[in-house]
Amino acid sequence: MKENELREFINVVVSYFQDVTGETVEMGMPYIKENKSVILDYTGVIGISGPRKGAIYLTASKVMLKEVAAIILGADEVDDECAIDMVGEITNTIAGNVRQSFGSSFMISVPIILKGSPEDVVFKLQPPVFIIPIKWRTFSSYLVVGLE
Amino acid sequence: MKFMIVDDSVIMRKAIEKYCKTFNFDFVGAAGNGIDALKLFNEHLPDIVTMDITMPEMDGIACLEEVLKIKPETKVIIITALKDKETGLKALRIGAKGYLTKPFSEAQIQEEIKSVLGE
Chain A
1 MKENELREFI NVVVSYFQDV TGETVEMGMP YIKENKSVIL DYTGVIGISG
51 PRKGAIYLTA SKVMLKEVAA IILGADEVDD ECAIDMVGEI TNTIAGNVRQ
101 SFGSSFMISV PIILKGSPED VVFKLQPPVF IIPIKWRTFS SYLVVGLE
Chain B
1 MKFMIVDDSV IMRKAIEKYC KTFNFDFVGA AGNGIDALKL FNEHLPDIVT
51 MDITMPEMDG IACLEEVLKI KPETKVIIIT ALKDKETGLK ALRIGAKGYL
101 TKPFSEAQIQ EEIKSVLGE
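First to last, the protein sequences are chains A and B. Residues in the first sequence are numbered consecutively from 1, following our numbering. Residues in the second sequence are numbered consecutively from 1, following our numbering.
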């Protein structure tokens, strides 16, 4: 994956949080995934097909996802189901928004949601797989991008 | 005016419903995929529909085509994360009356609906 493509994912994440929460996110330095997977409470996975193949996933804590959902809904509190839904929606929005630069041949699947950090979850992504750290408020989350 | 929401995200369905309360539409229901949407559409024949694209079972583009076969005058507003021009143009060519990309604000969806209603 080219540097400008990675930058596009970063720009989309920054815009997403700015537009939805009115707050800025702190983007960490992307790094290449080694053996250890980064998996938090809930993970939304989007498969990519077409000329570019692979997947992207966003993993975040339940508390963070509930806070984002509460902002969208104008609610003081939301339930766990909202956190699960939220991770899929954020991942879907990021994957869909990058089509502005990647084009319509960048085919995205519906999100698959993973709960917890099961040991047997294996993401068979073609290396190099990039991990982009995201910090919103006090919460850390990660966008993981693996594209051929 | 009968109003229906189609989106596979519960949060988006709730948000769209909340943001559109100001219009005093007769909200007939929400669906999470194209198949369920067609059942609901046939039951209520709504006048205005917000339609996501990336959904399981049947996507929003296929659902849009079916909805317009049933009731061609339906005002369908596509609300999707897909930000490429080709998809937007395709939806408008098929007959969507509006196209809004996610994420969107309350003001943006209200503006889009007003525009589609000619207000």
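To be clear, the hints were calculated from the coordinates, so they are not data collected in a lab. Please read these numbers as outputs of a predicted model, since none were measured by experiment. Keep in mind that the hints are not guaranteed to be accurate.
[Stated by the list, open to error] Mimicking BS3-like on lysine-lysine, the simulated pairs with C-alpha atoms at most 27 Å apart in a straight line are: (1) Lys69/B x Lys2/A; (2) Lys62/A x Lys18/B; (3) Lys97/B x Lys66/A; (4) Lys53/A x Lys66/A; (5) Lys75/B x Lys114/B; (6) Lys85/B x Lys53/A; (7) Lys2/B x Lys114/B; (8) Lys71/B x Lys114/B; (9) Lys71/B x Lys66/A; (10) Lys2/B x Lys75/B; (11) Lys115/A x Lys2/A; (12) Lys69/B x Lys85/B; (13) Lys135/A x Lys124/A; (14) Lys69/B x Lys97/B; (15) Lys33/A x Lys62/A; (16) Lys83/B x Lys114/B; (17) Lys39/B x Lys75/B; (18) Lys62/A x Lys36/A; (19) Lys71/B x Lys39/B; (20) Lys69/B x Lys39/B; (21) Lys53/A x Lys83/B; (22) Lys2/B x Lys71/B; (23) Lys2/A x Lys36/A; (24) Lys18/B x Lys75/B; (25) Lys66/A x Lys21/B; (26) Lys83/B x Lys135/A; (27) Lys90/B x Lys53/A; (28) Lys2/B x Lys90/B; (29) Lys2/A x Lys97/B; (30) Lys69/B x Lys2/B.
[To be verified] Pair ranges (Cβ atoms, derived): (31) Ser105/B x Gly116/A: 30 to 38 Å; (32) Ala70/A x Lys21/B: 13 to 21 Å; (33) Met1/B x Ala70/A: 42 to 50 Å; (34) Leu45/B x Arg7/A: 45 to 53 Å; (35) Glu43/B x Glu148/A: 42 to 50 Å; (36) Asp26/B x Asn4/A: 46 to 54 Å; (37) Lys53/A x Arg93/B: 24 to 32 Å; (38) Asn35/A x Lys21/B: 49 to 57 Å; (39) Phe139/A x Lys18/B: 18 to 26 Å; (40) Thr138/A x Leu89/B: 37 to 45 Å.
Cβ coordinates follow ideal geometry from the N, Cα and C atoms, glycine included.
Hints, one by one, checked against the model:
1. For a cut-off of 27 Å, the pair hint linking Lys69/B to Lys2/A is broken: about 44 Å separates their Cα positions.
2. The hinted pair formed by Lys62/A and Lys18/B meets the criterion: a straight-line CA distance of about 23 Å does not exceed 27 Å.
3. With a C-alpha separation of about 33 Å, the suggested pairing of Lys97/B with Lys66/A is violated against the 27 Å cut-off.
4. Pair hint Lys53/A plus Lys66/A does not hold up; C-alpha atoms about 31 Å apart against a cutoff of 27 Å.
5. The hinted pair formed by Lys75/B and Lys114/B meets the criterion: a straight-line CA distance of about 11 Å does not exceed 27 Å.
6. A C-alpha spacing of about 21 Å is found between Lys85/B and Lys53/A, which places the hinted pair at or below 27 Å, so the restraint holds.
7. Proximity of Lys2/B to Lys114/B is assessed by CA-CA distance (about 15 Å); at most 27 Å being required, the pair is judged to hold.
8. Distance hint between Lys71/B and Lys114/B is fulfilled; the C-alpha atoms sit about 21 Å from each other, no more than 27 Å.
9. For the suggested pair Lys71/B and Lys66/A, the alpha carbons sit about 38 Å apart, so the restraint of at most 27 Å is broken.
10. For the proposed pair Lys2/B and Lys75/B, the alpha carbon gap of about 11 Å is at most 27 Å, so the pair holds.
11. A distance of roughly 31 Å separates the Cα atoms of Lys115/A and Lys2/A; the hinted pair therefore is violated under the 27 Å criterion.
12. This hinted pair checks out: Lys69/B and Lys85/B have alpha carbons roughly 24 Å apart, not beyond 27 Å.
13. Distance check on the hinted pair: Lys135/A and Lys124/A sit about 26 Å apart at the alpha-carbon level, within 27 Å; holds.
14. Under the criterion of a C-alpha separation no larger than 27 Å, the hint pairing Lys69/B with Lys97/B is consistent with the structure, at around 15 Å.
15. Pair hint Lys33/A plus Lys62/A holds up; C-alpha atoms about 23 Å apart against a cutoff of 27 Å.
16. The straight-line distance between the Cα atoms of Lys83/B and Lys114/B is roughly 21 Å, inside the 27 Å bound, and the hint therefore holds.
17. At roughly 17 Å between alpha-carbon atoms, Lys39/B and Lys75/B fall within 27 Å of each other, so this suggested pair holds.
18. Taking the CA atoms of Lys62/A and Lys36/A, the gap is about 21 Å. The hint holds against a cut of 27 Å.
19. In summary, the hint linking Lys71/B to Lys39/B is supported, as the alpha carbons are separated by about 13 Å, within the 27 Å threshold.
20. Restraint check for Lys69/B and Lys39/B: the C-alpha separation of about 14 Å stays at or below 27 Å, so the hint holds.
21. Proximity of Lys53/A to Lys83/B is assessed by CA-CA distance (about 19 Å); at most 27 Å being required, the pair is judged to hold.
22. Of the pairs offered as hints, the one joining Lys2/B and Lys71/B holds, with about 13 Å between alpha carbons and a cut-off of 27 Å not exceeded.
23. Pair hint Lys2/A plus Lys36/A holds up; C-alpha atoms about 23 Å apart against a cutoff of 27 Å.
24. The hinted pair formed by Lys18/B and Lys75/B meets the criterion: a straight-line CA distance of about 19 Å does not exceed 27 Å.
25. With a CA separation close to 23 Å, the supplied pair Lys66/A and Lys21/B stays within the 27 Å bound.
26. Restraint check for Lys83/B and Lys135/A: satisfied, since their Cα atoms lie roughly 25 Å apart, inside the 27 Å limit.
27. A threshold of 27 Å between alpha carbons decides the hint, and for Lys90/B with Lys53/A the separation of about 23 Å falls inside it, so the pair holds.
28. Distance check on the hinted pair: Lys2/B and Lys90/B sit about 25 Å apart at the alpha-carbon level, within 27 Å; holds.
29. Between Lys2/A and Lys97/B the alpha-carbon distance is near 37 Å, which puts this suggested pair outside the 27 Å criterion.
30. Restraint check: the Cα-Cα separation between Lys69/B and Lys2/B comes to about 18 Å, which is no more than 27 Å; the hinted pair holds.
31. At about 33 Å, the CB distance of Ser105/B to Gly116/A agrees with the hint of 30 to 38 Å.
32. In this structure the supplied range 13 to 21 Å holds for Ala70/A paired with Lys21/B, their Cβ-Cβ distance being about 18 Å.
33. Between Met1/B and Ala70/A the CB atoms are about 30 Å apart, so this pair departs from the stated range of 42 to 50 Å.
34. Hint check: Leu45/B to Arg7/A, Cβ distance near 47 Å, so the stated range 45 to 53 Å holds.
35. Hint check: Glu43/B to Glu148/A, Cβ distance near 44 Å, so the stated range 42 to 50 Å holds.
36. Checked against the hint of 46 to 54 Å, the pair Asp26/B and Asn4/A passes, with Cβ atoms roughly 48 Å apart.
37. For Lys53/A and Arg93/B, the hinted distance range of 24 to 32 Å is satisfied, since their beta carbons lie about 28 Å from each other.
38. A hinted range of 49 to 57 Å for the beta carbons of Asn35/A and Lys21/B is consistent with their spacing of about 50 Å.
39. Distance hint check for Phe139/A and Lys18/B: the Cβ-Cβ separation is about 24 Å, which falls inside the suggested range of 18 to 26 Å.
40. Between Thr138/A and Leu89/B the C-beta distance comes to about 42 Å, which sits within the given range of 37 to 45 Å.
Consistency note: the structure conflicts with the earlier hints numbered 1, 3, 4, 9, 11, 29, 33.
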